[in-house]
Amino acid sequence: MYDNPDLARTTVTRDIKIAAHGCQVYYGDTHAIRDVDIDIEDKTVTAFIGPSGCGKSTFLRCLNRMNDTIDICRVEGDIRLDGEDIYDKRVDPVQLRAKVGMVFQKPNPFPKSIYDNVAYGPRIHGLARCKADLDEIVESSLRRAAIWGEVKDRLDAPGTGLSGGQQQRLCIARAVATEPEVLLMDEPCSALDPIATAQVEELIDELRGQYSVVIVTHSMQQAARVSQKTAFFHLGSLVEYGETGHIFTNPTDPRTESYITGRIG
Amino acid sequence: MTDVPFTDASSGPARPARTGSLLEADARTRRRNAAEARFRLYGIAAVGVGLFFLAALLYAIFSNGIGAFQQTGYTLQIEFREDVLDKTGNRDLEDIKSVKTFAYSPLLRAAMLREIETHGIDTPLADAKVTGFSSPLDKLFSDGARSTLRDMVLADPSLIGQTVAVRILASSRVDGYLKGRVSRESIERDKNLDAVHLDLIDKLREAGVATKGFNLAFITGPDASDARPEQAGLGVAMLGSLYMMIVVLALSLPIGVAASIYLEEFAPQNRFTDIIEVNISNLAAVPSIVFGILGLAVFIQFVHLPQSAPLVGGLVLTLMTLPTIIISTRASLKAVPPSIRDAALGVGASKMQAVFHHVLPLAMPGILTGTIIGLAQALGETAPLLLIGMVGFIASNYPDGAISGFLAPNSAMPAQIYEWAKRADPAFYERAWGGIIILLLFLMTMNIIAIILRRRFERRW
Amino acid sequence: MPVLWLVLIVFALGALGFVLGRRRALGGAGGDIRLLHSLPSYYGTNVTLLTVVPALFLLGIWLLVQPVVVDARVSAMLPDSAISEGTTRDLVMSDVRRIAEGLDKAVAEGAMTHREARDIRAEFTDVRNRLGAVGVALGSTVGAPELYAAQRYRRIAGEGSLAMTGVVLALALGGVALSLIRTTPSFRARNTVETGIRYVLIFAATIAILTTIGIVLSLVFNTIDFFRLYPAWDFFFGTTWSPSFGGGSELGILPLLWGTFYISIIALAVSVPIGLFAAIYLSEYASPHVRAFAKPMIEVLAGIPTIVYGLFALLTVGPLLLKVFGQDGVGIMQAGTAVMTAGLVMGIMLIPFVSSLSDDIINAVPQSMRDGSLGLGATRSETVRQVVLPAALPGIVGAILLAASRAIGETMIVVLGAGAAANLSLNPFEAMTTVTAKIVSQLTGDADFASPEALVAFALGMTLFVITLGLNVFALYIVRKYREQYE
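Residue numbers (UniProt numbering), protein chains in the order written: chain Y, 1 to 265; chain F, 1 to 461; chain B, 1 to 487.
In short, the hints are calculated from the structure, not lab data. Hints may be right or wrong, so weigh each one.
[What the hints assert, rightly or not] Okay, derived cross-link-like pairs now, SDA-like style, lysine to any residue, Cα gap no bigger than 25 Å in a straight line:
| no. | chain 1 | residue 1 | chain 2 | residue 2 |
| --- | --- | --- | --- | --- |
| 1 | F | K179 | F | K212 |
| 2 | F | K212 | F | A110 |
| 3 | B | K481 | F | N279 |
| 4 | B | K295 | F | Q77 |
| 5 | F | K334 | B | K481 |
| 6 | Y | K112 | B | F474 |
| 7 | B | K105 | F | I300 |
| 8 | Y | K106 | B | R380 |
| 9 | F | K422 | F | G401 |
| 10 | B | K481 | F | Q269 |
| 11 | B | K295 | Y | E181 |
| 12 | Y | K89 | F | K100 |
| 13 | Y | K43 | Y | E181 |
| 14 | Y | K112 | Y | L155 |
| 15 | F | K100 | F | F69 |
| 16 | F | K100 | F | G48 |
| 17 | Y | K131 | B | K481 |
| 18 | F | K334 | B | I478 |
| 19 | F | K422 | B | F474 |
| 20 | B | K481 | B | F221 |
Could you build the full structure based on these sequences and the hints that come with them?
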C-alpha cells in the first residue's frame, strides 16, 4: 500500500494504532522512562532497539499495562489505543490485554497440553461457542504460528516438552489465538538458536499483514530484517524514531549513530 | 512460507468481533470481574478467619488466665496463743512440732471473728458452733492456711505469745466469688460454701479485710493437691522445664552442629549419606508421642534411668529437636558462599580448618536462631513427657541441688498445665490458663531473641 | 553418682593430656614451633581425643550392656520354684530389680548397713517393711528366693560397676600414655586430629539413624510381646475397644482408627480451604504491607504449643459448641468433648502449616507463567485457578498429605478435646477417641508393663508410626519431584 517510504514518514495517511504522549514511568524513586512520544502504526512491525536497561522493555510493558502487576511501578502520561486512553479509570486491563497480546523473552508455555495452551485464551475470553469452534481456532492459530505441521499429531502432549523454538512459536500461537489487534514481543528470539530465530522472524513478517507488531530486540540485524519502523531508546528516553532504512543508514542523532556503529551498548 | 495463514484467519469460524470501546466493559468482562472479586473475597475471608482464630485464642487465654496472677486473701491479726501451741511453755521445738496442723484452726477462727466484731458485721456465722474439729467458718480459709501458720511458728518459735498481722489465703471458692467464677446460683449445689459465707465475704470486702493481691506463689510455688487449687503454683514445673532445656541445649546443639557439618561439608555422595538425609527428614515428621514411646522403652525400661526425671525428658526432647536443628543448621551452612571456603583453602588451610575457622563462625547466627526455635518447640511439647511419667502430682517439692534437679521426679510447664486441665475443680482451669500465659511469655521471649539475632547478624551474600 | 564422677575424671585426664601433649611437642622441638609438623595445640588435642573418646565410648557401651547381662545371669539363677502360678519369669525379675533398688536406697539413706543389705534373710527380717520405711513400696511380701536373687543382683551389678570403673580409667590412662609416646615433632598431629574429629562428626550424623532404629526396635519388640498375649487378628479387625485392667479386655483398633481419621478429616476440611486461600491471597493479591502483617500473624498460630490448643478445645470451643448443638440448642451433642471440637481446633492449628507450605509452593511457580497468562488478558483469579494451581498441584497435594500426617499424630488436642469413649459412630458431635489418645491413657495408667493392656500401646504406636511414615515418605517424594520441576 505504502510503497513510498518518504510518504510514510509523515504518517498522515497511515492508521495510528497506538499513540503515546509524554509518557513517564517510575520504579519507586527511579525515573525509568522520560517523556516518550511515539505513534505506532497499524499493520507494521515496529522495532524498539537500544542498549540494555534503556527502558525499551519497560515501555513495551506499558502498552498493555503489564506494569500494573509490579507494585512499585507508576505510569504517567497519555497512551491511546485507537484514540482511547488505556490508563483511563474505566478501562479494564483484562479487556485491554485481550486486544494487545504479548509474547515474552523466555518461552513460557503453561504446564498443560499444546492444545490447552492455545485454547486457554479463547476459553477465558469466550471466543468459541462449541468444541468445534475451539478446535478450529487452535488449528488456525497453530497454522499462523507456523507450527501446526510439527505438532498436529501430538496436541495432547505437554507444551513444556517442545524445543525452545517450538515453545516460542507455541507462545505466539497462544497469543494470536485471542485475536489481538496489537502483538507485543519482548525479545522473542533472545533465548533461541539461530535456526529457531529465523523461523520466528519469518513468522513475524507474516503476522504484519494482520496485526500491528511491536518487537523489542537487542539485535540490530534483527531489527533491520523484520521491522519497517525503528525506535531507538537510550537512558529512558526515545532518541530517534523513523523508517528502519533511515535509522540504519542515515541516523540524525549522534547517539543513534554511535549505537549502530557499536560504540555504545 | 505461503499466504495460507492469512486466508485461514479471514475464513475462520464466526468470532465475535471485538469492536466495543475499551472504556466500557462488555457483559462477559463484567461477569469475569465479578468472579475475580468473589475469588479475592474468599482470600480476604480466609486471612480474616485465620486472624480471627488467633485473636479468639489469645482472648481466651488472657481473659481466662489473667486471674491466676491474683489471689484473694484476708489480712488477719493472728494471736499465736501459747496455751494452744506450746503448753509446756519451754519453746522446745520437738514439743511445738508435736502440735498438728488442725490445732491452728481455732487461731484462724478467732482472728476472723475479731475482724467481724471490729467492723461490726452482722452474720449468722459469728455464732456458728464448732462441731468436732470443724466450723462453718473454716470454709472461708484455704486448707493450706493452717500449715502456713504452723510453718511460720516452726521457723520462728518466738512468735508464740505474740499477735501478728498475717495474710491468710482464702479458699478457692471465695477466690472464685471475688473473681466472678463462682456465683450465688452456682453455689446452691456446692457443699463447700453457702450463701451466708458470700454475704460475709461481701462485707469483709467492703471492710478491706478480704482483698485480691498479686499471686507470687503461682509463679514460684510448687503444685498443690486437688483440694487446694488456691495454693497451686508453676514454680517447680518451671524448674523441671529449665533442667530439661539445659539437657536439650547441651546435647542437641553440639550433636546437631556436628551432624550438619558432616552432612553439608564432608559427606560423600553415597548411599550412607542418602540414608541419613532421608532419615532426618522423616524423623522431623514423626509424631512426638512416638518419641515418648522411644523414651519409655529405651531410657526407662532398657537403660533403667529414673522415671519422671527431667534428664530423661531432656533426652527425649533432644532426639525430637535434633532434626529441626540439623535442618536449620544445614541451611545456614549452605548460605555461606563457597568463595569463603575457597579463600581459606587457597591459603593452605585444611578443609577442617576452613570449616571451623571460617564457615562455622559465619553460620553461627543462623545456627543459634534455629537452635532457639528448636528449644522453643521442645519447651512447649507435652505428649512425650506424659509417657515418661512427668505428669501427675509430682511437681510438689523443689529439687535439692543440681543433680536431684536432673534426676528427681519433676514435671514440666506444659505437663503441669495438662495436669491442671484434667482436674475436676474449675479453679484449676484458671491456673492452667495462667500457666499458658507464662509459657507463652517464655516462648515469645525466645522467638524475639531469635528474630533479633537474625536481624542483627543476618548477612545477605 | 559414680558414673558422673567417672566422666568428670576422664575429662580431667583429657585436659591434663592436652597440657602434657602440647608441652611435650614443644619440648621435642626445643621451643621452636617452626620445627613442628602441626601447631602445638594439635598435639594437645590429639592426646585429649585419644584419652576421652575411647574411654567414654566404652563407658556408654558398658552402661547399655551391663543391665542386660546382669539380668540374664540373675534370671538364670532363679529356681523354677520361685516362679509361682500366674506370673512369669519377667515379672519376678522386675520384683527382684525393685528389691535390689530398694536395698540400694536403704543403704544410701543409712537405714541399713552394707553388711545388712548383703546378708539379711527373708526368713528373719520383714524386708517389705524395712524398705517401705525408706519409701520403696513393694507389692507383696519378699520371699527368700527373690531376696537372694536381689542380693546376687546387687553383687553382680556392683562387681560390674567396679570393673567398669577400672577398665574405663585404664583405657583413659592408656590413651594418655600412648598418645604422649607418639608425640614427636614430626608426628602429623593435625591430620590425626582431623581424622578423629571427622569420626566424631560421622557419629553425630548417625544419631539420626540410631534414633530411628531405637524407635523401630522399641516398637517392634513390645508389639511382638503384645501379639503373643493378644491375637493380631482381633487387634486389627476388632470393632470394640474396652480395656479392663482386670483382664478380659477387648482391644480392637478399628474404633480408634475411625476416630483418628474422622477428626483428621474435619481438621483438614477446616485448614485446607482456609490455609490455601490465605496463601493464595497473601502471595497473589495482598499488598506488601498486608502481607508483612498478616503472614507472620498467621504463623504465630504455628508457634503455639499443642497443649494450648488442647485447653482451648476443652474449655472454650467445647462449651461453645455445646451451647449451640447441645440439649439447649440443636440437641445432638452430649458433652463438650467431641470429634467436632477436636477437629475444629486441630484445623486451626494446621492453618499456618497448610498456608506456609502452600505459599512456598505457589511462589515456586515461575513469574513468567503468570505473565504469560496475564498477557493473554486473563484475570488474576483465572491465572491462579487455571495456571498457577494446576502447576502447583503436586506440591499442594504433598503439603496436604503432610498436614494429614500431622493431624493423625497429634496428641494433646485429642486427649483433651475428643473424649475418651471409643465409638464407631457417624455423628461428629459425639465423643470419640484416637490412637494417640489411647497410647497416652494405656501407658499413664497403673497397668503392669507386661500386661496386654499396657503393651497394646506399643502396637498402637507401631500402627501410628507406619501410617505417618508412609504419608510422609509419599508426601516428601511428591514435593521433591515438584521442586525439581522448577529448579
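- Return the numbers of the hints above that this structure violates; sort them in rising order. Of the numbered hints given earlier, those the structure breaks are 4, 9, 11, 12, 15, 16, 17, 19, 20, listed in rising order.
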